[in-house]
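Peer 1: Residue-level listing of the chains:
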Amino acid sequence: MHDQPSVSELGQAVKNFIDESAAPNLTGRAAFHARVASNALATVLRDLDQRPDAEAAERARLLAILDGSNEASTGALNRDLSARIQAGDLTAETPGLLSHLKATTLAQVEIDQPRYSGLKTAKD
Amino acid sequence: MSLIVAKMGSNSDFETRLGALFTDVFGENAALERFQRLSGGASQETWRIDGSDKSAILRRAPGGVSDARSSAAIGLPAEAGLIQAAERAGVPVPHVLRVLAPSDGLGDGFLMTLIEGETIARPILRDDAFAEARQILASQCGAALADIHSVALDGLPPELQESDGLAQIAQYEEIYRGFDVPRPVFELALQWLKANAPAPLDTVLVHGDFRLGKLMIDATGLAAVLDWELAHLGEPREDIAWLCVNSWRFGQTHNRVGGFGQLDDLLAAYNEKSGLKVSARDIDWWEMLGSLKWGIMCMIMYEAFRTGADPSVERAAIGRRVSETEIDLINLLEAAHA
Chain A
0 MHDQPSVSEL
10 GQAVKNFIDE
20 SAAPNLTGRA
30 AFHARVASNA
40 LATVLRDLDQ
50 RPDAEAAERA
60 RLLAILDGSN
70 EASTGALNRD
80 LSARIQAGDL
90 TAETPGLLSH
100 LKATTLAQVE
110 IDQPRYSGLK
120 TAKD
Chain B
0 MSLIVAKMGS
10 NSDFETRLGA
20 LFTDVFGENA
30 ALERFQRLSG
40 GASQETWRID
50 GSDKSAILRR
60 APGGVSDARS
70 SAAIGLPAEA
80 GLIQAAERAG
90 VPVPHVLRVL
100 APSDGLGDGF
110 LMTLIEGETI
120 ARPILRDDAF
130 AEARQILASQ
140 CGAALADIHS
150 VALDGLPPEL
160 QESDGLAQIA
170 QYEEIYRGFD
180 VPRPVFELAL
190 QWLKANAPAP
200 LDTVLVHGDF
210 RLGKLMIDAT
220 GLAAVLDWEL
230 AHLGEPREDI
240 AWLCVNSWRF
250 GQTHNRVGGF
260 GQLDDLLAAY
270 NEKSGLKVSA
280 RDIDWWEMLG
290 SLKWGIMCMI
300 MYEAFRTGAD
310 PSVERAAIGR
320 RVSETEIDLI
330 NLLEAAHA
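Heads up: the sequence lines are chains A and B, in that order.
Quick note on numbering: numbering that gives the first Met the number 0 labels position 89 of the first sequence as 88, and the sequence is numbered without any gaps.
Quick note on numbering: numbering that gives the first Met the number 0 labels position 200 of the second sequence as 199, and the sequence is numbered without any gaps.
Calculated directly from the structure, the hints in this document are not laboratory data.
Only a predicted model underlies this, so the values are computations on that prediction, with no experimental measurement involved.
Just to be clear, a hint being listed does not mean it is correct.
What the hints assert, rightly or not - List of simulated lysine to aspartate or glutamate pairs, EDC-like, C-alpha gap at most 20 Å:
id, chain 1, residue 1, chain 2, residue 2
1, B, Lys-193, A, Asp-2
2, A, Lys-14, A, Asp-2
3, A, Lys-101, A, Glu-70
4, A, Lys-101, B, Glu-333
5, A, Lys-119, B, Glu-333
6, B, Lys-276, B, Asp-309
Given the sequences, and given the hints that come with them, work out the whole structure.
Peer 2: Given below as structure tokens:
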């Protein structure tokens, strides 16, 4: 199969079209939605680039905290983690829990909204 | 339903009825000249109406038809009643000129005075025109909140629901569980909030959405408190903390109050007027609840896209803002365990 242009390149091309051709010709609600669409494509591009490493690191931490099976999917591990927090087996005092959730959330916000003010607070 | 839509009729019908309302409210020499739908307010329509040196704001249900699905909102006639009660308590609000009657033919809604100013956070937080306003806005908000919380509870519209902190946790937890998507940060925040809930203060009228975007600000500061549709009976600290939620600081994180002011200034004005002794530490728990609520509200808005109810890119993209509230919750949990 071919990948020229790659998914990232296609996404970037559509973003270029929105930013340089479409958005300047729009007003009001449509102009607002063009800005949202451009930002959404920027998230798509970051997700393609950053998710594989971020998810691998998340998975390694989840396996360590839960003493989990390598057979389990990352989604199942997160479900297990949530259930144990809900049951009170894991709390904010549990060594490693808060730092794991912070690392996972930092990686997520870097993809979703890298200019969000709370991200800077978390890194300081 | 189709009958009601037909009654609302065409644009020219709307204009004729608006003209009749305008003359009825402002006198027979007042004639409608212009009307314009204002942006913002997805759940309600807001129209600016001008003519004969008179201006007013019409707030009405979309297409004139009240939507039973937006059950958190109290309904427009109740909202008008609340604004009038707030005005009597000294809160800066628009003056209600007329609650729409069926004979007006415009659906559910009310007409109120136009108050000039700015509601959008970005210019309020950045423009020189609001530099003086920013200096005094925190204490003005403290005083206005004390006045809102002083409103006598007897005689308020019966639509108001009572909802304290734990009730809100239960309500939002049920919504979150309904999505069946595990978010361990929300899970931890839910359990932490339940384990650390403060003893409730006496029940007051809570505005429920007191933040930039819902406040009319002019060069001298707070001109009017708008959008009372999320009002309920509850805890005074909820309103103070909602204004402190990082999402409502619009990037100006160092200013805990709305991105423009300091909490000590707000609380000094609030405590002096209310006679309460609310401390900055009292606000922490409520601020965490506020971030959690906003995160779950973002999930609700994304759900409208996921289910196909609203196919807009805006509704899709807001699902990728949930993580903003997750990092805020992490920051608050870290601070609580520092």
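Peer 1: Next step is simple, just say for each hint if it's right about the structure.
Peer 2: So, going through the hints one by one against the coordinates:
no. : hint                     : result
1   : Lys-193(B) to Asp-2(A)   : violated, 51 Å
2   : Lys-14(A) to Asp-2(A)    : holds, 18 Å
3   : Lys-101(A) to Glu-70(A)  : violated, 25 Å
4   : Lys-101(A) to Glu-333(B) : holds, 9 Å
5   : Lys-119(A) to Glu-333(B) : holds, 14 Å
6   : Lys-276(B) to Asp-309(B) : violated, 45 Å
The structure fails to meet hints 1, 3, 6 from the earlier list, while all remaining hints are met.
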